[in-house]
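Engineer: Chains as they are written, first to last, in this note's numbering: chain A, 1 to 214; chain B, 215 to 527; chain C, 528 to 1062.
Hint data in this document are derived by calculation from the structure and do not stem from the laboratory.
Even glycine gets a Cβ: it sits at the ideal position worked out from N, Cα and C.
Any given hint could be a false lead.
[Unchecked claim] The calculated BS3-like cross-link candidates involving lysine-lysine, where the alpha carbons are at most 25 angstroms apart (straight line), are:
id, chain 1, residue 1, chain 2, residue 2
1, B, Lys464, C, Lys862
2, B, Lys506, B, Lys452
3, B, Lys277, C, Lys804
4, B, Lys385, B, Lys327
5, C, Lys804, C, Lys862
6, B, Lys309, B, Lys327
[Said to hold, decoys possible] Here are some, though not all, of the chain A residues that point toward chain C, as calculated from beta-carbon distances under 10 angstroms:
id, residue
7, Ala6
8, Gln10
9, His16
10, Gly42
11, Val45
12, Ala49
13, Pro51
14, Phe131
15, Asp134
16, Gly140
17, Gly156
18, Leu160
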Amino acid sequence: MLKGRAFAPQFASSRHRDETAELGMWVFIATEVLLFGGLLLGYFVYRHANPLAFAEASRHTDIVIGAANTAILLTSSFLVACAVDALRANARSASVALLAGAIVLGASFLGLKGIEYADEYREHLIPGIDFVFDGALANGVQLFFVFYFVSTAIHGVHMLIGIGVLATLALLVHKSGSTRRRAALHSAALYWHFVDVVWIFLFALIYLPGRSGG
Amino acid sequence: MWREWIPFWQGGLSPYGGDVDLLFIGLLVASSLVLGLLFVLLALFCIRYRAGNQVDRANHEAKSWHWEVGWTTASLVCFLLLFLWGANVFFEIYKTPQGELTVFVVAKQWMWKVQHAGGQTEINALHIPVNRPMRLVMASQDVIHSFFIPALRLKHDVVPGRFQDVEIEAKRPGHYHLFCAEYCGTDHSGMTGEIIAMEAPDYAAWLRQQGPGTPLAQEGSALFRELGCSGCHGTGSKVRAPLLEGLYGKPVPLADGSTVIADDKYIRDSILLPRSQIAAGYDAVMPSFEGKISEDQLLRLVTYIKLLGENHP
Amino acid sequence: MSEIDYLNASYTLRSWFLTTDHKRIAILFFASLTVFFFIGGAAATLIRIELATPQADLVSADGYNRLFTMHGVIMVWFFLIPSIPNTLGNFIVPLMIGARDLAFPRLNLASWYLFMLGGTVTLFAIFAGGIDTGWTFYTPFSTLYSNSYVLVAVSGVFIVGFSSILTGLNFIVTIHRLRAPGLTWYRLPLFIWSLYATSVILVLATPVLAITLVLLAAERFFGVGIFDPRIGGDPLLFQHLFWFYSHPAVYIMILPGMGVVNELISCFSRKEIFGYKFVAWASLAIAAVGFLVWGHHMFVSGQSLLASLVFSFMSFIVAVPSAIKVFNWTATLHKGSIRFDAPMLYALAFIGLFTIGGLTGLFLACLAYDVHATDTYFVVAHFHYIMVGGMVTAYFGGLHYWWPKITGRLYSEGWARAAAILIFFGFNLTFFPQFVLGAEGMPRRYHVYPPEFQVWNVLSSGGATILAAAYLLPLFYLGYSLFFGARASANPWNAPGLEWQTASPPPEFNFATQPMVTRGPYQYSTDFEPEPQNA
C-alpha cells in the first residue's frame, strides 16, 4: 500500500515532500556558509596582519578575468532564476534552454579560471609549486596567494558540482515538468545562487584590495 | 596579611601561588557542597520515593518556576564570583615582568636551553635566586612547547615565531620540577628539568662558578661583527642603515606611517623578516637572516642591541 | 510471533547494505561503532598498562604517542560523535515523532557509507604506521615535523565529517517537517529537543573542521606556510580554527546523552520531567553558547588577556544551562515512583558523574587555576568524566532502555545491573585518581613520569582493568539475549511515547496508521493508556 504512492512513505503528500526537500537545501547552504566562513576568517586574520602585502598581492591578480568571471556568473544566476520561472509557467523547453545557457556560462567561468591559473603559474605565483616574489612583502604575498588558490579551488569544485546538478536537472526537466522536478529545480537554483554569492565575496576580497582609491 | 587568618594556610612558593591554592580550595569547597547536596537529594529521593513505598505523592506535577529562577540565579551568581576571583589572580600570574634579571630560555625538541645574561648556560635546569623576580624571555626553535613549573603554579606555551615573556619568583630555596606541557613529539615526556632556587649568596657563587662564560651581550657583539651587521649599521658605513645606539625601547616610525616600539620582538623580526617593518626614510635593502641564524644567536644579538645606548661597547 | 518486522522482512545482503530503512541503518551504525569502540578501548588499555610504571616498559615513546593519538581520533570521531545520534537517534527519532522514516533516507545510508569510508582510511593510517600528533593535530608539529601518516588520517577525518553533516541535516529537517499531526514542539520528548540542538552544532561546526583540515593538508602536502611562523604564518590561527569546531564538538558528544537521560528519568520515576520548557531551551542554549567558548583551550597559549577574559566568562555562562538540567532531573525524582532497572542505574550514574565532570570544568574555566591545570591529567580526568561517565553511560542506558524495541528481546536484568555497577566502580577508580595527578602537576601525553606519581597511576590502571572487563560484559548478555532472550511486548516499560505504540521490533514502516497526538510527553500516571490509533 505504501509502496505504490507517488511519494515516499514518510511524506503525507507530494507537496510535503517538496517543501521538505527545500528546507534540506537551506540547511545544506548553512553548512557551506560556515565552510567558506572559516576560510574567510583565516584570510581576514592575515590581511589584518599584513595589509600592505595583501594590497600588493591583490594588484598581481588579473582583474580583467576576475571582472569578466563575475559578470559571467551573475548572468548565469539570472538565467537560472529565469529557468525556474519558465518551468513554473510550464515553458519546459525554454527552461531547459536557459539552464543550458547557465551551464555554458559556468563552463566559461571555469575555462577562464584555468587560463588565469596558467598565467599565475607563468608568473611564479603558486605557493608550494613555484613561488618567486621579490621585495619586502614576499611573505605576506605568499600568504595571500595561498588563500587565493585554496578558496578559488574550493569554489571551483562547487562550480563543477553545480554544473553537474544543473545538467542533471536540465535532463530531468526535459523529460517531464512534474511538481517534483519543479521543486528540485528550485533547490538546485538555490545552490547555484549560493555559489554565486560566495564568488562575489571572493571577488571583492581577492581582486579589489589595493585597487580602490589611492 | 588577611590570608594568615585562614587555618592551615601555607603561602605558596611563588608570590601568587598561595592565591592560586586558595582559589583551588574555594572551588573544591563550592563543588563539594554542590555535589554533596546533589548526592544527598538523589539518595533521599531514591529511597523515599522508591516504587511501592506508601508515601504522599500528591501534587507532584505542581509547577514552580520559582525553583527554576532560583537555582539559575544562584548558579549565575556563584559562577560570576568564581570568574572574577580567577581573573583577578590570573592578572597576578601574567603581569608584565618588571624584574630586570633576564634569563633566556630556548625550547627545542627535546630540551630546554637556558642562558643567563652573564653567559652562563644550562640544559634542562634553571638556577634562580630566591625572592627576586626573574624575567624569562622564551623562544622555540621548532614546535610549540610549554614551560610548566607546577610548584610555582605557572605555565606558558612557547610558540615558535614569537617571544614569550613571563616573570618568575620563588620564595623558598629548593629543587622543583620543570615539565614541557605541550605535546611536541617523540621525547615530549623526556623534556623535563629542574628549577633550582637558591639563597642570594649561593646563587652568586653558582654564577661565578659556571666557568668563564662570556656574557651574552659580549657574544652578541661578536656576532654583530661576524654576521656583517656592523657593515651597514656601524658608523662610517656607506650603506644608509638605522643606527642602533639607544634604539631599544624607543618608538620607531615606519614607512607605512605607523609607529612601533623597538622591543625584543621588533629586533627579532627586523633580523628575520626585515621587509615586514621598514623604518621610515630608509630603503628596504636589509637582507633577511631567516634560516641563517639560530634562536641562541638571536638572543645574543638582541641582548647586545639592547645594551647599545645604555653603554656603548 | 509470525509478524513481519523490519528485521525479518528480508535477509539478503542487498536488503541490508542498500537499505534506506532508518532502523536498519541504525543497526549498521551500531555494528561499526561497536568495533571502533573496542579498537579505541584497546589503545586505552595499552596506555594504562604502560602507565602503571613510571618508566617505559611496554612500548617505545613513538609507539606510545601513536597509541594516545589513535585513542583520541577513534573515540572522538568514530565513536562518541556518531554514537547516540546515529544508533539510537536514527532508530528512535522517526518512531518518537510518529513518522515512517527520516526526511532523507538515502542521505542517511550515504552517511553510513561515508562513515565507513572515513573509518577505513583512518584505520589504514593507524595500522600502516600510525600518527603521532595527538587528536588535536597542532601545528607546526603536524605540518612540518611529524613523520607519520598525517595526510591519510586527516583525510579520513575529513570524510567522516561529511557523515556528521548529513546526519545533522537529516535530523533538523525531519524534526521540523515530519512530526505527527498534533505533535507541537512543546509536546516533543526532550530526547528530540536534545538531538535537534546536537544537529544544529553538527551542521554549523563540522564545516569549520573540514576547512581547517584542508588548510593543514595543503600546508603539509604543498609545503605552503599557512601556519608556518617562518613566513609570517601563525600557529595559533590553527588552534583557533580547530577549537572553533572542537569545542562545540564536545557538546555534540554530550547533548544526546542528556537527551537520553530525560527519557530514562521520566520513565523510571513515572513522572514528567520537572521544568520541561527550561530543559528544552537549555539544550538550545548549550548549543548556541557552546560556539562562544573555544578560547578556553588557549588560556596559556599567548592569546591576549582580553580574549582570555571573554572566553573564561562565556565558559562560566555555558555551565548554567547544564546546571539547570541537573537540578531539573533531581527535582523530577521528587514524589516520583522510582524503579531501579538497569537503564535507571545508568541515568542516575550519569547525573552524578556528569556533575563531577561539569564542576571540574568550572575549575578549568577559572583563569588562574587553568594556568596550573591545563595540559595536565586534571583536564584528562575532566573530559573523561563527561564523555565516558556522561555520554557512554547514557549510551548504555539508552541501549538497554530501547533494546526490547530495537531487537524484540528482553535482556537479563540481573546481568545488566551487575554490569552497570561494575562500570560505575571501575570508571571512578580509573579517573578520579587522575584529578589528583593533574592537581599535583603530572602533564598529559607523558609516556614516562617521575616516580612520585606512580601510586595514583597504579590506582587508575587498576580501575581501567575493571572498566575494560565491565564494558565487555554487555557484549555477552546482550548478545545472548538476541538468540535466547524472552520476546518483548510492544511496551515492556509501560511508557507513553509513540515509539512504544508499535510492535517490538517495529514493522518496516513503523506504524500501521498515522498516529495522532493530543497531549504532551511523559504522561505517566497510574491510569495510563496507549495513544488511540485513529486514522
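Engineer: Evaluate each hint against the coordinates.
Structural biologist: Outcome of the hint check:
1. Lys464/B - Lys862/C: violated (72 angstroms)
2. Lys506/B - Lys452/B: OK: Lys506/B and Lys452/B at ~24 angstroms, within 25 angstroms.
3. Lys277/B - Lys804/C: holds (11 angstroms)
4. Lys385/B - Lys327/B: The hint holds at about 24 angstroms.
5. Lys804/C - Lys862/C: holds (20 angstroms)
6. Lys309/B - Lys327/B: holds (24 angstroms)
7. Ala6: violated (15 angstroms)
8. Gln10: For Gln10/A, the interface hint holds, since the closest Cβ of chain C sits about 4 angstroms away, which is under 10 angstroms.
9. His16: Where the cut-off is 10 angstroms and the nearest Cβ of chain C is about 7 angstroms from His16/A, the hint holds.
10. Gly42: holds (6 angstroms)
11. Val45: For Val45/A, the interface hint holds, since the closest Cβ of chain C sits about 6 angstroms away, which is under 10 angstroms.
12. Ala49: holds (7 angstroms)
13. Pro51: This hint is violated: Pro51/A lies away from chain C, its Cβ roughly 13 angstroms from the closest one there, beyond 10 angstroms.
14. Phe131: holds (8 angstroms)
15. Asp134: violated (15 angstroms)
16. Gly140: For Gly140/A, the interface hint holds, since the closest Cβ of chain C sits about 6 angstroms away, which is under 10 angstroms.
17. Gly156: At 14 angstroms from the nearest chain C Cβ, Gly156/A fails the 10 angstroms test, so the hint is violated.
18. Leu160: Since the shortest Cβ distance to chain C is 16 angstroms, the answer is violated.
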